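Working from the sequences, and respecting the hints, build out all of it.
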Amino acid sequence: MTAVSRRSLGKRFLSASIRIVLCFVFAYVPSTQAGTIVRISTGIGDYSIELLDDSAPGTVQNFLNYVNRNDYNGTYIHRAVDNFVVQGGGYRFRLFEGPIDVPSDPPIQNEFGASNTRGTVAMAKIDGDPDSATNQWFINVADNSATLDTSNGGFTVFGVVLGDGMVTVDEIDALPFVSLGAKASNAPHITPTYTDPRDFLYINAEVTQRFSSAPHVFESGTGLLITSVSIDAGADLISMNFNVVASSPNVVIRANAESAIPRRDSFEGIAEYSTVDGRLRIPSLEVNLNGSISVATNVVFVLTDAATASFTLESFDQ
1 MTAVSRRSLG KRFLSASIRI VLCFVFAYVP STQAGTIVRI STGIGDYSIE LLDDSAPGTV
61 QNFLNYVNRN DYNGTYIHRA VDNFVVQGGG YRFRLFEGPI DVPSDPPIQN EFGASNTRGT
121 VAMAKIDGDP DSATNQWFIN VADNSATLDT SNGGFTVFGV VLGDGMVTVD EIDALPFVSL
181 GAKASNAPHI TPTYTDPRDF LYINAEVTQR FSSAPHVFES GTGLLITSVS IDAGADLISM
241 NFNVVASSPN VVIRANAESA IPRRDSFEGI AEYSTVDGRL RIPSLEVNLN GSISVATNVV
301 FVLTDAATAS FTLESFDQ
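Residue numbering for the sequence shown follows the UniProt record's numbering, starting at 1 and increasing by one per position.
Watch out, some of these pointers could steer you wrong.
[What the hints assert, rightly or not] Listed next, with one range per pair, are the computed distances between beta-carbon atoms:
(1) Thr117 - Pro192: 29 to 35 Å
(2) Ser248 - Ala146: 56 to 62 Å
(3) Ser274 - Ala182: 39 to 45 Å
(4) Ser248 - Leu180: 46 to 52 Å
(5) Ile126 - Gln61: 17 to 23 Å
Everything labelled a hint here was simulated from the structure, so no lab data went into it. Bear in mind that the values here come from a model prediction, so they are computed numbers and not experimental data. Just so it is clear, CB atoms sit at the ideal spot from N, CA and C, and this is done for glycine as well.
Written as structure tokens, this is what we have:
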């Protein structure tokens, strides 16, 4: 494989001319989801949720309002009750200030319909007030239909975890936790021993065009690049995302600073960033070009504006 010239690189990277890599045919299963897809990145892995756009439209739109404003990026899971629920959406941590409430929109009307079975996603609300849901949501780790379908008007299910995403959710449920009050009741942490809130399990939430379990994904329709990065050979591990800010004459992506969250573990194929040469190297990047799926390998971006954390596409193989 040979790298292409920088000038032609941007056009080829964002055009449908990138060929579908033959070996990817065996790994890719076309998406059949009808609802909106939201990908949740966490400090121990990612999972995706299909939203029930038709059966709970008001609740879905409420959730998407928070997602589209990046309100959930950098928040932490504040409640994980073993074999019951994993809950978040309410708080982020600010150094030297402590837990900060995610600003909430007005409460929404309850839309209970689908049952609270394992793998479903529902809104949290105030006890005794069916129409009090705002920004907090939870995943049913077990079949909770016997209790949550019949109490407080029924808890509105608005999504379902896709693929093998419950493997990650189960791992979250199994993490050690610390109880520090209402804003961190049974809060899981990714370190063996809790030291401070930087050990919490943080998340990002982004709307994606399709469901994918690939660790590195670029979507041309939104210009979103989701990735996990090892900095300086494992000195730091983070999950984060970028957005395309220019496509001509070269592709330029900019880091979304609020999306940088700590990862617990590295994995085979994690992206690498070196502060020595300022290059971000992604071994294998799944590219969604308006529904045409391909894989670019050995993708290299070089830091060209440190002040804005902007990177220019330097090379890739296909």
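Just to be sure I understand the hint, the distance between the Cβ atoms of Ser248 and Ala146 should be within 56 to 62 Å; is that true here? Because 57 Å falls inside the window, the suggested range holds.
Range agreement (Cβ of Gln61 with Cβ of Ile126, hint 17 to 23 Å): At roughly 20 Å between Cβ atoms, Gln61 and Ile126 fall inside 17 to 23 Å, so the hint holds.
Are Ser248 and Leu180 spaced within 46 to 52 Å by their CB atoms? With Cβ atoms ~50 Å apart, the hint holds.
Against the range 29 to 35 Å, how does the distance between the Cβ atoms of Thr117 and Pro192 compare: consistent or not? holds, 33 Å
Indicate whether the distance between the beta carbons of Ser274 and Ala182 respects the range 39 to 45 Å. Holds - the Cβ-Cβ distance for Ser274 and Ala182, about 42 Å, lies within 39 to 45 Å.
Of the numbered hints given earlier, the model fails none.
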